[in-house]
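**Student:** Residue numbers (the working numbering), protein chains in the order written: chain A, 53 to 294; chain B, 53 to 294; chain C, 53 to 294; chain D, 53 to 294.
Incorrect hints may have been included.
The list treats identical chains as one, so a pair stands whether inside a single copy or across any two.
Unchecked claim - Result set (DSS-like, lysine-lysine): computed pairs, CA atoms no more than 30 Å apart in a straight line:
id	residue 1	residue 2
1	Lys223	Lys288
2	Lys189	Lys66
3	Lys189	Lys252
4	Lys66	Lys252
5	Lys189	Lys288
6	Lys252	Lys223
7	Lys127	Lys288
8	Lys288	Lys252
9	Lys127	Lys66
10	Lys66	Lys288
If you are wondering where the hints come from, they were derived from the structure by calculation, not from laboratory data.
One letter stands for each residue in the lines below.
4 protein chains.
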Amino acid sequence: MITIKQIIEENDTKPGLIFDLSMQLLIVVSLVTFSIETLPDLQLPTRTSLHYIEIFTVGVFTIEYLGRIFVADRKIAFVFSFYGLIDLFAILPFYLSTGVDLRSIRTLRLLRLFRAFKLFRYSRAIQRFHRAFILAKEELILFFCVTLILLFLSSVGIYYFENQVQPENFKSIFHSMWWAVATLTTVGYGDVYPVTVGGKIFTFFMLMIGLGIVAVPTGILATALSEARNIEEINKETYNRK
Amino acid sequence: MITIKQIIEENDTKPGLIFDLSMQLLIVVSLVTFSIETLPDLQLPTRTSLHYIEIFTVGVFTIEYLGRIFVADRKIAFVFSFYGLIDLFAILPFYLSTGVDLRSIRTLRLLRLFRAFKLFRYSRAIQRFHRAFILAKEELILFFCVTLILLFLSSVGIYYFENQVQPENFKSIFHSMWWAVATLTTVGYGDVYPVTVGGKIFTFFMLMIGLGIVAVPTGILATALSEARNIEEINKETYNRK
Amino acid sequence: MITIKQIIEENDTKPGLIFDLSMQLLIVVSLVTFSIETLPDLQLPTRTSLHYIEIFTVGVFTIEYLGRIFVADRKIAFVFSFYGLIDLFAILPFYLSTGVDLRSIRTLRLLRLFRAFKLFRYSRAIQRFHRAFILAKEELILFFCVTLILLFLSSVGIYYFENQVQPENFKSIFHSMWWAVATLTTVGYGDVYPVTVGGKIFTFFMLMIGLGIVAVPTGILATALSEARNIEEINKETYNRK
Amino acid sequence: MITIKQIIEENDTKPGLIFDLSMQLLIVVSLVTFSIETLPDLQLPTRTSLHYIEIFTVGVFTIEYLGRIFVADRKIAFVFSFYGLIDLFAILPFYLSTGVDLRSIRTLRLLRLFRAFKLFRYSRAIQRFHRAFILAKEELILFFCVTLILLFLSSVGIYYFENQVQPENFKSIFHSMWWAVATLTTVGYGDVYPVTVGGKIFTFFMLMIGLGIVAVPTGILATALSEARNIEEINKETYNRK
Numbered sequence: 053m054i055t056i057k058q059i060i061e062e063n064d065t066k067p068g069l070i071f072d073l074s075m076q077l078l079i080v081v082s083l084v085t086f087s088i089e090t091l092p093d094l095q096l097p098t099r100t101s102l103h104y105i106e107i108f109t110v111g112v113f114t115i116e117y118l119g120r121i122f123v124a125d126r127k128i129a130f131v132f133s134f135y136g137l138i139d140l141f142a143i144l145p146f147y148l149s150t151g152v153d154l155r156s157i158r159t160l161r162l163l164r165l166f167r168a169f170k171l172f173r174y175s176r177a178i179q180r181f182h183r184a185f186i187l188a189k190e191e192l193i194l195f196f197c198v199t200l201i202l203l204f205l206s207s208v209g210i211y212y213f214e215n216q217v218q219p220e221n222f223k224s225i226f227h228s229m230w231w232a233v234a235t236l237t238t239v240g241y242g243d244v245y246p247v248t249v250g251g252k253i254f255t256f257f258m259l260m261i262g263l264g265i266v267a268v269p270t271g272i273l274a275t276a277l278s279e280a281r282n283i284e285e286i287n288k289e290t291y292n293r294k
Numbered sequence: 053m054i055t056i057k058q059i060i061e062e063n064d065t066k067p068g069l070i071f072d073l074s075m076q077l078l079i080v081v082s083l084v085t086f087s088i089e090t091l092p093d094l095q096l097p098t099r100t101s102l103h104y105i106e107i108f109t110v111g112v113f114t115i116e117y118l119g120r121i122f123v124a125d126r127k128i129a130f131v132f133s134f135y136g137l138i139d140l141f142a143i144l145p146f147y148l149s150t151g152v153d154l155r156s157i158r159t160l161r162l163l164r165l166f167r168a169f170k171l172f173r174y175s176r177a178i179q180r181f182h183r184a185f186i187l188a189k190e191e192l193i194l195f196f197c198v199t200l201i202l203l204f205l206s207s208v209g210i211y212y213f214e215n216q217v218q219p220e221n222f223k224s225i226f227h228s229m230w231w232a233v234a235t236l237t238t239v240g241y242g243d244v245y246p247v248t249v250g251g252k253i254f255t256f257f258m259l260m261i262g263l264g265i266v267a268v269p270t271g272i273l274a275t276a277l278s279e280a281r282n283i284e285e286i287n288k289e290t291y292n293r294k
Numbered sequence: 053m054i055t056i057k058q059i060i061e062e063n064d065t066k067p068g069l070i071f072d073l074s075m076q077l078l079i080v081v082s083l084v085t086f087s088i089e090t091l092p093d094l095q096l097p098t099r100t101s102l103h104y105i106e107i108f109t110v111g112v113f114t115i116e117y118l119g120r121i122f123v124a125d126r127k128i129a130f131v132f133s134f135y136g137l138i139d140l141f142a143i144l145p146f147y148l149s150t151g152v153d154l155r156s157i158r159t160l161r162l163l164r165l166f167r168a169f170k171l172f173r174y175s176r177a178i179q180r181f182h183r184a185f186i187l188a189k190e191e192l193i194l195f196f197c198v199t200l201i202l203l204f205l206s207s208v209g210i211y212y213f214e215n216q217v218q219p220e221n222f223k224s225i226f227h228s229m230w231w232a233v234a235t236l237t238t239v240g241y242g243d244v245y246p247v248t249v250g251g252k253i254f255t256f257f258m259l260m261i262g263l264g265i266v267a268v269p270t271g272i273l274a275t276a277l278s279e280a281r282n283i284e285e286i287n288k289e290t291y292n293r294k
Numbered sequence: 053m054i055t056i057k058q059i060i061e062e063n064d065t066k067p068g069l070i071f072d073l074s075m076q077l078l079i080v081v082s083l084v085t086f087s088i089e090t091l092p093d094l095q096l097p098t099r100t101s102l103h104y105i106e107i108f109t110v111g112v113f114t115i116e117y118l119g120r121i122f123v124a125d126r127k128i129a130f131v132f133s134f135y136g137l138i139d140l141f142a143i144l145p146f147y148l149s150t151g152v153d154l155r156s157i158r159t160l161r162l163l164r165l166f167r168a169f170k171l172f173r174y175s176r177a178i179q180r181f182h183r184a185f186i187l188a189k190e191e192l193i194l195f196f197c198v199t200l201i202l203l204f205l206s207s208v209g210i211y212y213f214e215n216q217v218q219p220e221n222f223k224s225i226f227h228s229m230w231w232a233v234a235t236l237t238t239v240g241y242g243d244v245y246p247v248t249v250g251g252k253i254f255t256f257f258m259l260m261i262g263l264g265i266v267a268v269p270t271g272i273l274a275t276a277l278s279e280a281r282n283i284e285e286i287n288k289e290t291y292n293r294k
């Protein structure tokens, strides 16, 4: 027989899976509601409907939260666990109607979506990702530090080239950093860009060096993921041989 | 002797290959015609010529369609198959002259171009791609979900930073999503960008995390493709040893 | 003793290397001269100096060209070879002073720079690149075709979404293609971008699919290059064992 | 007993680690101070505080510099070593108050941050990076050269297409190079972009070829790094077997 504990905490039974998916769906509904509320010029009836949906979702989340405490073996531990706190913060803003606008905390509900990855195959993919991250951790940290140093160097450089001609856009090294971020990530909004010959040549060199540094972590992560997959395969084979 | 069936359905005989390439060429001609028709200020003689080309291509496609039904072993199955339906939709808009503008359905002819990949070496490349996709499916789905969550989080964040200063560009979370898409994909049109210090720092952090997530699937796909090639090699060797 | 043939055609002797490097340097000088000439508002003395440099470089290139013919074993074959024709086109525009502006042909001198890669270690890198290209040829062609199809589909889609609101920027499918190129390569100049809600959502989906397709060839090439390096290693080992 | 030499030069003892981290922190403080100083409209009290912080950091750096000379086995060698010179340049601008603005030399302090990577695990990651760089050196140089050639070709091409219509933006080949850099790195600021049909088609082809060339080094570096990791693993195993 399937117990309530199994329905709430696991998803390998049919009712458990249905419960999980319904909760996921409700989180999405709640996030969409939250997004719609930010639209200006909403009609009063729409606002009212959104409010009713909010009451309904918070109601269900509250029951779910209490249920999870009820079925938890170690109740205190659950309340202070990562998911326990998120579940609490997801419903709390509704009950606290102080002067402060707590609505934005509702976006934390988003984090509850990660529960969806508890499914077996995804938990394996996450494990693989975790292994890949450990494999490449040092390179990633090294490249991240070098990226930061490069961002700072670019900012200082462009500040000296452009400050005189564009005092508004390159007001200080901090303002130049915004240019460095937008350029080295190749986003290039076009709100700030060098106009002096020196600044343009400097940009060229920074991009030549920078692209090879900012974009490498992505490649490292990708190859590490494929290595993690290989290790998994080898482990599986070793396990099967026994 | 080469039968009509071989000419129409296969491309390993010379007439079959010529038939296939002519049809591909005609599809391209038909798509170019369609594109030219969208040009404003076309002269009447040009319009007339385009119309005649359209009549000709549709005529040939109709004959080809009937021919394919004729040579198909299971006629009903072909009519309702993927390529059968595309072949039908490619000619249907021409014959139905209702009030509705059905011309855009003609772009479906594009999908007929995929028949070109029936050639042996490409079908192998597609198989390899298919294998790579299965290898990396879970990572791809995982990263796609995390990308969506990240897009939403970025939108919410930037909305709180920029809404007050730029109420027009960051009107609601939905409007902010457009910024999030253009930024995290590094397209950066420059129609919307943060102007507050908070928004700029937030963009920096989102880009640092985001680039490492949005760009990884590409790397995963590339390494999975090379692994699929290795598996193919191993299979071939195993086959040769027997 | 070192013959003239060795000096001109090879670079493993000291005079040969000096000859090669001097020629490379002169090509670069000639290209810089060519670029400076395009600057507007040049003073007359500068123009005169540039002209003298041009006379000098063309003079040396002519002597070199005649020398290469002289030392070639099969003279006719050299004249009609790839490098033979480039060497000719590099000096021809100077001698032909017809009404047509032939100066732009001088940029072909750039191609002569590829002779620099004749050095042993680079010729090995090029060979490796060649092997990588053959390894991944089918995937590259496949992805290139799919990229073209995707570009066309994006253009048609955005045309229907944006044509009504921005008749100037999205005048026809051809005009929309410019948007598709700038967007799917993530360049994003910002001269054309969707403004309708439909167009923005369409852009989102196209970018999600498109990035995973347009950027994959780069990854394929990179992994194929590392595989080519492995194959080389294996060949070397096999060779050493014998 | 821990000697002063160990504290200053090594970081495997507790006092050594604290000394190292304090110095790192002070460098960051000094760089932040330097950045804040570039802000316009600073109040006088802020300027004074910044000046005091500067005096303090330079004081500490001077003591550290003298200490490093004191504990060095070969004092002259240290003074003229890479880090020795950087340490000197980091404090020199403060003591020299000539007419020239030497403040920008203070950014060299940034390079002192690299001392942080002396920690064992990072020095291993750097070694790995070094090995990866040697593995892929030829490809990287080759691709860098081809990138330069491609940038030049793009500049020449776009100059001929756009110079007539946009004489201001594409004034000469040098001005066109700025466009080529911004486009082939996909930054796309949007300050210069082609407007003629020919220029747009040329851009399309250049991007198709260019992306596959400019972005490949990143991929090469990533795969080379993962290979370097494999070689390390093999070396470790070979070492353990002995």
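**Student:** I'd like to know which numbered hints this structure contradicts. Please list them from smallest to largest.
**Tutor:** 1, 4, 7 and 8
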